[in-house]
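As given, the protein sequences belong to chains Z and G, one line each in that order.
For the first sequence, our numbering assigns the number 525 to the initial residue and increments by one for each residue that follows.
For the second sequence, our numbering assigns the number 330 to the initial residue and increments by one for each residue that follows.
Please note that the accuracy of each hint is not assured.
Non-contacting residues of chain G with respect to chain Z, defined by C-beta distances greater than 12 Å in every case (computed) [said to hold, decoys possible]:
{"no.": "1", "residue": "T389"}
{"no.": "2", "residue": "D421"}
{"no.": "3", "residue": "P432"}
{"no.": "4", "residue": "S454"}
{"no.": "5", "residue": "Q457"}
{"no.": "6", "residue": "S458"}
{"no.": "7", "residue": "T459"}
{"no.": "8", "residue": "S464"}
{"no.": "9", "residue": "S467"}
{"no.": "10", "residue": "L469"}
{"no.": "11", "residue": "G484"}
{"no.": "12", "residue": "P485"}
{"no.": "13", "residue": "S501"}
Pairwise CB distance ranges, derived in the manner of DEER restraints [stated by the list, open to error]:
{"no.": "14", "chain 1": "G", "residue 1": "D405", "chain 2": "Z", "residue 2": "N700", "range": "42 to 50 Å"}
{"no.": "15", "chain 1": "G", "residue 1": "D405", "chain 2": "Z", "residue 2": "A588", "range": "33 to 41 Å"}
{"no.": "16", "chain 1": "G", "residue 1": "P432", "chain 2": "Z", "residue 2": "T653", "range": "37 to 45 Å"}
{"no.": "17", "chain 1": "G", "residue 1": "S383", "chain 2": "Z", "residue 2": "T612", "range": "55 to 63 Å"}
{"no.": "18", "chain 1": "G", "residue 1": "A400", "chain 2": "Z", "residue 2": "A634", "range": "38 to 46 Å"}
{"no.": "19", "chain 1": "G", "residue 1": "T470", "chain 2": "Z", "residue 2": "D586", "range": "52 to 60 Å"}
{"no.": "20", "chain 1": "G", "residue 1": "R496", "chain 2": "Z", "residue 2": "G694", "range": "48 to 56 Å"}
{"no.": "21", "chain 1": "G", "residue 1": "N420", "chain 2": "Z", "residue 2": "S678", "range": "53 to 61 Å"}
{"no.": "22", "chain 1": "Z", "residue 1": "D586", "chain 2": "G", "residue 2": "T473", "range": "58 to 66 Å"}
{"no.": "23", "chain 1": "Z", "residue 1": "A625", "chain 2": "G", "residue 2": "G441", "range": "40 to 48 Å"}
{"no.": "24", "chain 1": "G", "residue 1": "T477", "chain 2": "Z", "residue 2": "T612", "range": "52 to 60 Å"}
These aren't lab readings, by the way, just hints derived from the structure by calculation.
As the structure is a prediction and not an experimental result, all values here were calculated from the model.
The C-beta atom is built at its ideal place from N, Cα and C for all residues, glycine as well.
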Amino acid sequence: MAGIIMMARRNLLNAAVVAVAIVATATTASAATQGSLGSTSTGSVSISASIPSRVRISGLSDVAFSNVDPSLDAANAQNVCVWSNTSTKGYRITASGSGAANAFTLANAALVVPYTVEWSGTSGQSGGTALTAGSALTGLTSTATNSNCASGPSTSASLIVKIAAADLQGMNSATNYTGTLTLLVAPE
Amino acid sequence: MAPPLSRVVVRKRTPSGSAPTRAASPARTCGLRWQAIGIAIVALLAPQSLSAQSNSVRVTQLSDVAFGALANLGVDAVQTQSICVFAHTANDGYRVTATGSAPNGAFALSSGASLLDYEVQWSPSPGQSTGSQLSPNSTLTGLTSSATQQTCNNGPATSASLIVVLRSAALSSARAGSYSGTLTLIIGPE
Chain Z
525 MAGIIMMARR
535 NLLNAAVVAV
545 AIVATATTAS
555 AATQGSLGST
565 STGSVSISAS
575 IPSRVRISGL
585 SDVAFSNVDP
595 SLDAANAQNV
605 CVWSNTSTKG
615 YRITASGSGA
625 ANAFTLANAA
635 LVVPYTVEWS
645 GTSGQSGGTA
655 LTAGSALTGL
665 TSTATNSNCA
675 SGPSTSASLI
685 VKIAAADLQG
695 MNSATNYTGT
705 LTLLVAPE
Chain G
330 MAPPLSRVVV
340 RKRTPSGSAP
350 TRAASPARTC
360 GLRWQAIGIA
370 IVALLAPQSL
380 SAQSNSVRVT
390 QLSDVAFGAL
400 ANLGVDAVQT
410 QSICVFAHTA
420 NDGYRVTATG
430 SAPNGAFALS
440 SGASLLDYEV
450 QWSPSPGQST
460 GSQLSPNSTL
470 TGLTSSATQQ
480 TCNNGPATSA
490 SLIVVLRSAA
500 LSSARAGSYS
510 GTLTLIIGPE
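Extracted from the complex, chain Z is given alone in its bound form:
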């Protein structure tokens, strides 16, 4: 069986992260107070800051299927980091392929093979919820405590890419099929 390569181009942070800014106006609770002349002098300032909702996806790796057995389904799972700073740490994810109408397909010129994408809100999973190209999977929650999982959990979700045996059997041998999977994460 010829090698089959699917390249899921790494979606670096800025491209994959969509920030829905909930811009809460930073209100000033009280005005600064000035000190008076004396043996000691006390003044105070109010400090305010507003942090909008943010998400981040990182830790993505390219997916390569090489010399897979066409009689069996091929699967590749990886642990990734998804971070959300909302009060519930919630997020949603939308996947888009590089095929026609954002289809999950690999291609070599006119040769096309479909694949499937699954997502799990926990890491270390070999299966998850099937994603539909261009449609958001909602209601997910992250366990990440750092925006790139540098501290706390090192990963927080699983990305699973599969090619069905029937589709593998329809591919030409000695031919590289490639494509790009784009993942869009948004806060909830």
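Assemble chain G onto chain Z, guided by the hints.
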């Protein structure tokens, strides 16, 4: 026979007509005059003398620190302001103690139960973007003020810098929301 001059006593009534006053002889009058002048001089000098001996300080020109909506959580957010610290001490020296409004006086803003740590720096010179790190409830000593007037109305317009920093590490780990807090500064003479 006329009485001795030193014994002359002239009685007269006060405008209210209550108690008489006694007019002294010219010699006594002269002595009293010098005594009054002495008292006046002491009275004039006394406030200045007391003022020079007392150590007094004042902090003014403080402004609230509003970071606004922080779009980029990947970089430190810094707010600096030049303020007036006046120290009426022998060497214009002072110390500063800062306290935050988080538990135990910690430097942290709050949004409900969520906290956002910040740092406080101090410089005894105005217009600075960095300074000595302050710790909550700890005193930074050995500072000197250049202010010549207690509110910097004349002389240097400001004499110190207050710098508040929100580190990116804290920002990128914080929950979304509006955070606020109060920073209290206590100036003492040195």
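Results for each hint:
no., hint, in the structure
1, T389, "violated, 5 Å"
2, D421, "holds, 14 Å"
3, P432, "holds, 16 Å"
4, S454, "holds, 18 Å"
5, Q457, "holds, 17 Å"
6, S458, "holds, 17 Å"
7, T459, "holds, 18 Å"
8, S464, "holds, 17 Å"
9, S467, "holds, 16 Å"
10, L469, "holds, 14 Å"
11, G484, "holds, 15 Å"
12, P485, "holds, 17 Å"
13, S501, "violated, 4 Å"
14, D405/G <-> N700/Z: 42 to 50 Å, "holds, 45 Å"
15, D405/G <-> A588/Z: 33 to 41 Å, "holds, 39 Å"
16, P432/G <-> T653/Z: 37 to 45 Å, "holds, 41 Å"
17, S383/G <-> T612/Z: 55 to 63 Å, "holds, 57 Å"
18, A400/G <-> A634/Z: 38 to 46 Å, "holds, 44 Å"
19, T470/G <-> D586/Z: 52 to 60 Å, "holds, 57 Å"
20, R496/G <-> G694/Z: 48 to 56 Å, "holds, 54 Å"
21, N420/G <-> S678/Z: 53 to 61 Å, "holds, 55 Å"
22, D586/Z <-> T473/G: 58 to 66 Å, "holds, 60 Å"
23, A625/Z <-> G441/G: 40 to 48 Å, "holds, 43 Å"
24, T477/G <-> T612/Z: 52 to 60 Å, "holds, 56 Å"
Checked against the numbered hints given earlier, the structure breaks hints 1 and 13 and satisfies all the rest.
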